[in-house]
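Required output: the full structure, derived from the provided sequences and hints.
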Amino acid sequence: QKEVEQDPGPLSVPEGAIVSLNCTYSNSAFQYFMWYRQYSRKGPELLMYTYSSGNKEDGRFTAQVDKSSKYISLFIRDSQPSDSATYLCAMSDGQAGTALIFGKGTTLSVSS
Amino acid sequence: GAGVSQSPSNKVTEKGKDVELRCDPISGHTALYWYRQSLGQGLEFLIYFQGNSAPDKSGLPSDRFSAERTGGSVSTLTIQRTQQEDSAVYLCASSLDGLGEQYFGPGTRLTVT
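The listed protein sequences derive, respectively, from chains P and Z. Here this note's numbering is used: position 94 in the first sequence is 823, and no number is missing along the way. Here this note's numbering is used: position 94 in the second sequence is 247, and no number is missing along the way.
Possibly wrong hints are sitting among the right ones.
Calculated pairs, EDC-like style, for lysine to aspartate or glutamate (alpha carbon to alpha carbon, straight line, at most 20 angstroms) [as the list claims (entries may be wrong)]: (1) P/LYS833 with Z/GLU254; (2) P/LYS833 with P/ASP736; (3) P/LYS771 with Z/GLU254; (4) P/LYS833 with Z/GLU238; (5) Z/LYS168 with Z/GLU238; (6) P/LYS731 with Z/GLU197; (7) P/LYS833 with Z/GLU197; (8) Z/LYS170 with Z/GLU238; (9) Z/LYS210 with P/ASP822; (10) P/LYS785 with Z/GLU254.
Simulated from the structure, these hints should not be mistaken for lab results. If you're wondering where the values come from, they're calculated on a predicted model, not measured in any experiment.
Written out as structure tokens, the structure is:
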């Protein structure tokens, strides 16, 4: 079992839809959870950063962490064509210098 | 402010040649990471630098790979005797203190022919 599982998609939605992206993980030591957005031929861009369980909202984006289920989600409201990208979940145990463990990414396409 | 920068953006090299990839972290960030992103493989950790401490090299795939960080700032990743399986995007990230968010550069796309 891989440490972090993420459905690669592709996921295609119409403009204005609500998008749900998810990751599951196996390491209960993970405490910090991140979502990155990566456009084609660009580096990953940090979207959301959360600690432990709970919700965090930033504009159209909401990140949820459920540590009891080892499940994290990213919701995108009112999706736009500019949201078309690959979304990577990443997590760490919070120890100094720990490398992030990434999911393989979900490719999202939002059509106008 | 300026983000993480990497150079070159693209590098094509012949099998067996050595290559050097450069990373300039965000000013003031003490932690620097190198990752490799291969098609279908996701991001793979290579090496981590924190201040003046000895680097964590646990992710380097072979002894052909090495990295250094001069003056606690700029880092160079060197791949000796490149192989076709080294073809990938090499990403550098920096973090303020190694505990929090990591910010990535645009990457260097390496193609070994």
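When the structure is checked against the list of hints, which entries are broken? Sort them ascending. Nothing - there is no hint that the structure violates, so all of them hold.
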